[in-house]
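> Please model the entire structure based on the sequences and the hints provided.
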Amino acid sequence: MIVMAKNKNDQKRRIENVLSALKHDKLAIASLVFLVIIIALALLAPILPLDPNTTDVRNMFQPPSPEHWFGTDDIGRDYLSRVIYGGRVSLLVGFLAMITCVCVGVLVGTVSGYCGGWIDSILMRIVDIMSSIPWMVLVTVISLFLKRGLKSIIIVIGFFTWMEIARLVRAETLSLKEREYVMYAKFVGIPGYVIILKHIIPSVLPTIIIAASTGIANAIMTESSLSFLGLGIQQPMSSWGSLLQNAQSYMQNAIYMAILPGLLIVLTIFAFNKLGNLLRIFVEPRVMSGEKD
Amino acid sequence: MAKYIIKRILAAIPMVLIITVICFALMNLAPYDAIDAMTTPNMSPETVALIKAKYGYDQPVYIQYIRWLDGLINGNFGYSIVTHQSISADLAIRIPNTIKLILPAYLLAYVFAIILGLVAGSHKNKWADKLIDGLCSIGIALPTFWVSMLLMYFLGYKLNILPIVGMHTIGQENSLIDYFRHFLMPFIALFLSFLPDATRYVRSSTITQYSEDYVMVQQAFGASKAEIMFKHVCKNVLLPIITKLGMALPMLVTGAIITETIFGWPGVGPYFVKAIQGMDYPIVMVILVLSSTLVILGNLLSDILYCLTDPRIKDLG
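In the order they appear, the protein sequences are chains A and B.
Numbering follows the working numbering, in which position 187 of the first sequence is assigned residue number 205; successive positions increment by one, without gaps.
Numbering follows the working numbering, in which position 242 of the second sequence is assigned residue number 245; successive positions increment by one, without gaps.
Bear in mind the hints are in silico, worked out from the structure with no lab data behind them.
It is possible that part of the hints are untrue.
[Said to hold, decoys possible] With a straight-line Cα cutoff of 20 Å, these simulated PhoX-like cross-link-like pairs (lysine-lysine) come out:
id: 1; chain 1: A; residue 1: K41; chain 2: A; residue 2: K30
id: 2; chain 1: B; residue 1: K127; chain 2: B; residue 2: K238
id: 3; chain 1: A; residue 1: K195; chain 2: A; residue 2: K165
id: 4; chain 1: B; residue 1: K127; chain 2: B; residue 2: K228
id: 5; chain 1: B; residue 1: K133; chain 2: A; residue 2: K44
id: 6; chain 1: B; residue 1: K133; chain 2: A; residue 2: K41
id: 7; chain 1: B; residue 1: K238; chain 2: A; residue 2: K44
id: 8; chain 1: A; residue 1: K216; chain 2: A; residue 2: K204
id: 9; chain 1: B; residue 1: K277; chain 2: A; residue 2: K165
id: 10; chain 1: A; residue 1: K44; chain 2: B; residue 2: K127
Predicted model, so just to flag it, every value in this text is computed and none were measured.
In structure tokens, the structure reads:
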């Protein structure tokens, strides 16, 4: 009980640390606000007065104006709506790919670390082999085997970028396995999967959350790069990356089409990374406040 | 230590072999194969069988694999199923082009990263550090292809001072100035994409070094700041960076796929992307095997370098 209470207190103190760091970091607050706005826009897009599909050929390539805040594109569609709907796709891919990649990574990491022995060796060899293929090459090759589109890009990013998370989680599981409460649970005969679910995963949760926030940033970056190369999201659906691919052809007369989605990608990735960094205070309080970085 | 190195080399060989097996399996599982590319539906079954026999596709899979592997080892990478050209001949032109672009960008990025990282790390939480670290966070969030687009727009279209695509203007293949003008934009884009990560790395290892006891001892003995920096911290920060260079080996082939594609630089990037879009499996698989082998070799090289430069690791053997 005493240990539990101490743990609770410690948790509370750590959360307070994170909150106070957040208060003192204006950029972090800005990041948080930005993400809330972007996510809200993406979620609410269908009920907002936005129309990304109506073409209006008399108003092609209109620069930003009060009527069309972000201008219009090559066939006169309202670019603001296109960018918001593109954000829906980019964020959706980011979230779902991150969830897939975290789930696979945590599963492999905990099983590998907890079971040890030949299971561990086999899983870690798989991780070694998969991480020895440059990610850009791996992801593009896998996209060859799937029909291009939203689903396959989520699968490609989710199932082929989990190796780093698996390594982190495995390392933590290895040390958790030696803790008294885990040893005791094992001793009284609680099955392995229950121990992993009840004792190990809650303890590695902070690491997982940090990995998740950088995971979203990476997934959004990968998706936009792939879509830019024409290997990701396909027409008529669009994401920030495919909007940029389209904008590339019209750069000379409509540079705003290239600037806006790009700027949103940069800000979103920056914000997710920033918040991920802030959460690190929760996991490594000493490291962050001490001299070491 | 020799024992350690030999052990590492022996562990690397099966990894490379497994990767070739995976690649070959992928090539066979692919929904569309080399035979489909070379034949048309109008051909008679006899002709198709003849073509199959000519390229060895009538043999059992494991014999095909051994022949393919044998080819890889002897530098015969097979033929593109779209253009029917020898992949080794194509790569022999394209890899040097990629290296010409990446190597200068990578080296310059590291020189800058070392300077900026040391400055930031030694002034932790001062304005210089905050500025450099802040710029790095932005730099990491910048997609390379977007930077390339903006460079193209501003330097290429708006100011019209640099050519937008390619490596040479037609008719000026031997002009060094012309080459340099084409080289500059992709070079800047790559330089900017390498810089932030490298700077972060140098900065954090500088900070770690400054928190070591030996720095405090030096300070206690009244050593000047410059002395601590250049005599002690520098050495300890730079050694691991030299070993990190081994990991850059695979970059020499696949480090600039996006940048090269955008700027139409005739390196491995556009070749690979075109192969992917055209489902040209033999090319894709060769690049896959080549780049993964380089990753494994690179890790091996950097482990060995580490072992050579840091005497503390020697007894791990």
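> Which constraints among the numbered hints does this structure fail? Numbers only, ascending.
3, 7
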